[in-house]
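Q: Below are the chains, spelled out letter by letter.
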Amino acid sequence: METINTNMLTILTFLPLVGALFMVLIPGNEETRASNAKKLALLFSTVTLILSLAMLSGFDASNPNMQFELNKGWISSLNANYHMGVDGISILFVVLTALLTPICILVSWNSITKRVPLYMAAFLSLEAFVIGVFCALDMLLFYVFWEAMLIPMFLIIGVWGGENRVYAALKFFLYTFLGSVLMLVALVYLYLENGNSFDILSMHGMYLDTNVQIWLFLAFFAAFAVKVPMWPFHTWLPDAHVQAPTAGSVILAGILLKMGAYGFLRFSMPIMPEATYIFTPYIYALSAIAIVYTALVAFAQTDIKKIIAYSSVSHMGFVTLGIFAATVESVQGSVMQMINHGIVSSALFMLIGVIYDRMHTRDISRFGGIVNRMPLYATLFMLFTMAAVGLPGTNSFVGEFLILTGSYGAEHAQLYVVIACLGIVLGAVYMLSLYKRMIMGEPVTQEIMRLKHMEKREVFMFMPLVALVIYLGLAPNAALNVTEAAVTKLVADYHIEVAHMEKDDLQIAYVEDK
Amino acid sequence: MEMMNEFNWYWYSAGIAEIFVMVVCLALLVAGAFSHKSVEGKFVRNLTMLGLFGALVMVIGHIPEVREFAFPVVGTDIIPQAVSSLFVNDKLTVFLKVFIIVSAMLCLFLVDDYMTRKKTRKYEYDILILLSVLGAMIMVSAADMLMMYIGLELMSFSLYILTAFHRKEAKSSEAGLKYFILGSLASGLLLFGMSYVYGLTGETSFDGLQQAFASGKGIGDAPMMATFAMVLMLTGMAFKMSAAPFHMWTPDVYEGAPTPVTAYMSIVPKIAAIGIFVRVLFEPFMYFADQWQQIVIVLSILSMAVGSFMAIVQNNLKRLLAYSSIANIGFMLIPVATASATAVDKTLSYLLVYGIMTLGIFAILLSLRLREKFVENIDDLKGLSKSSPAIAAALAILMFSLAGVPPFAGFMVKLEAFRVGVELGLTWLVTIGVVLSVVSAYYCLRIVKVMYFDDGKDVYSPEVPSELRLVAWAMVVLVIGFGILPDSIFEVTETVQHSLMDATAFNG
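Going down the list, the sequences are from chains A and B. My numbering puts the first sequence at residues 1312 to 1825. My numbering puts the second sequence at residues 49 to 556.
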């Protein structure tokens, strides 16, 4: 049992990668390779999911520290270690990744027809790298996973995307790469300051001059703000989402966006608390702009996928607001909101994929009255629309409510919380209008009346998400309990550091007065 | 200086590997001329390989540990390590020479198919390669300005001829002529600088120069003069490395030269040029570190910028690789720009991995033929991932590595170059470097894009010579292996770098 526990994260990370390697080796002609690749990919990702659930069940929620830890030598000349571990914050993302990958494979079951083994290999390696990002406790290891993840995503958008996929793929890669390399410089600087060690945990709470912290914060911000994405660094996202295949959008919205916010929690707050504190008002402002502005932009879109893409930026605005407000409730709410957004936006992208597979258009004017033909589809769409607008009883309500109440108590945040509340109303506006125009009313074309019903596979792939929306909506403690201890520790440490800084400032002011 | 007076045959044996290569060259010239037309190619090739292998063994024999193991009875003095102040065989030279010889051997593997198809298979090719290897070996072993110059010229002249090897093709002849004229200019500048240095100090050996400068000799009356001379020498060497702004010849020569020559040219002369560049900066001119540091920083920034931006607009693959080599020289110069001998191992490890990647890329290019014509343009790669998925995957991995994306070796060496930059106070230069590495990622991605995202109708000629495939895959395996476990590279280059540090410390 002990060996399984220490190696659990390694298995979770590398099992999908092994699966990806298998894809290359599948023999046979194109057809058999395709069908075998799908089955094998589903098998590997399902086993990963089961293992991740097993890990979740063995997770001690009361312990705020790292668990399932493994620390082995890796590159001795650099003093980089293979250090893996999860705490209450990261474990949920690992499970979410493991959950969404098999769903993505089901989503692509029939819609992807060309170069299936390569596609499946890309998805499995993406899963591996993303899990690696959430588990890595060594900065170099983190960076390797963080960057390696770009390769499969680049291929997914570029090979299987829409008409403008090349532009979108290159934009996605270069935008994220630019942010990441700036982080690399900061990372190297931290490494040297930390006595030639890449260990993330040993950097938590290390002493850094405030000016240095500001530069480091900005460098990390470049990487994370692009990834989240925060306004005004979000312009790659609509392109990437619209051009990516459905499963690509699912994984992008469901998981990749969370990596940026996770970075704030794992790096910015604990390592650069003073800079985080100094930049908090600006982040509030950017978050508030993101919430309101992108909600308005979403309302103006005619491409249904773009609506959901912009709504992601808006929802992630809540997350950054909550993280930087830095109260236990707001950070808990942010983590919760990330999980919720991972579930809900994934489901919405999948719903769009279902209809796109049938009608091959995403222009909202071509839809209308779908409820007459596909009632089950309309029901699912209703549920996830409600979840997206944050109706009480759905999971999103809990996250948004925690963020807003938690942030209201933080310094200087009141105004932005009020603006964010406005954003919730706007969110309801564009989601409900989307629902009305797409689903309700009389069928606008004959084509709508000829739509095929949802297949068993399609219904089945939504079921886990439906269950989670309701379960987390009614019993949010299931998630909140997991994150509580780790978040409490994070926030407490952060406030201690900030208090130190203020005390120092007061002392300096006092001395100067004298 | 006592030893110079006792100069005798014994001391010649320090250059045993070089002498061996020279003898092999001369013998092969005769053998090639007198052997039958139908066998000469094969015959000379085998002997060339044998000669290179012999040289490799002799070079390895200079490693102190090997010597102690190999000559337990007669003692390690049987072959001297250095001819004082003229020729050295420290760990740095051994490393560079092994690198040179192995790259040359691998490059020779790439030649046959191309030359046979172009009907220009001639045995002189091998001998020219061997001669340029000899020049490169002398260059990296040089401890004296004249020795260095002789090596450099021997290497360069062989390369001029190799570039124009397809003498019936206008492009090839043009490239050869261009390379010759510009190369001669650079050699002239180098020699000009050397003559000034000699005039100021009366010394030609690196040791002597270092001591002279340290004692203020040659600086006192006209301090600018020595700096001026050094700048001239650096210019000449920067030209040979193709560092911007002395890079103008590179794209034309890369494009015009026969592809196997381009492959060779983008590795071996670079090793020699960087090897001697580093030695000259850190040994004789260490005294002027403040001055040359600025020059190297400018060379580095310009090379990264020019290489990365110009590569974006290229359509010809060889031109693109030429600009890519310029950009990579820029990255390699970041550790040198710290003006600290302890950082130089990062340049060497970068160079090593760059050599691996370049060799892999050229092996792939040489194995691709579209409608029986060798692939020249980026657009020729359209849809390669469909017609030959394995080769496309290999090229994609090499390209991602060239762009510096983990988990490939290109990332690890870039990281190390950036790390020493930050460590030794050049954070701003590193920041410029990382931003420009994003620009250079673009052209790498463009190749992946063409192979994977674009549809092509053309089918590539199926039969790929097994040796090309072998070299390509070996390089891909190395790129992945060193990307995940780069320790061995860093350990080797760190050991090697000590000899440079010792030399700097000893005389400085």
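If you're looking for bench data, these hints aren't it; they were derived computationally from the structure. Please note: incorrect hints may appear among the correct ones.
[Claimed, not checked] In the DMTMM-like style, the derived pairs of lysine to aspartate or glutamate whose C-alpha atoms are separated by at most 25 angstroms in a straight line are:
(1) B:430 to A:1510
(2) B:434 to A:1342
(3) A:1425 to B:427
(4) B:166 to A:1342
(5) B:434 to A:1341
(6) A:1383 to A:1510
(7) A:1383 to B:427
[As the list claims (entries may be wrong)] Just some of the chain A residues that point at chain B, by a computed CB distance under 8 angstroms:
(8) 1326
(9) 1328
(10) 1329
(11) 1462
(12) 1478
(13) 1484
(14) 1488
(15) 1499
(16) 1500
[Stated by the list, open to error] Derived, one-sided and incomplete: chain A residues facing chain B with beta-carbon distance under 7 angstroms:
(17) 1390
(18) 1455
(19) 1459
(20) 1469
(21) 1470
(22) 1477
(23) 1496
(24) 1802
(25) 1804
Built from N, CA and C at the ideal position, the CB exists for glycine as well.
Q: Kindly indicate which numbered hints from before are broken by the structure, ordering the numbers from low to high.
A: Numbers 1, 4, 7, 8, 9, 10, 12, 17, 24, 25 - these are the hints that the structure violates, sorted from lowest upward.
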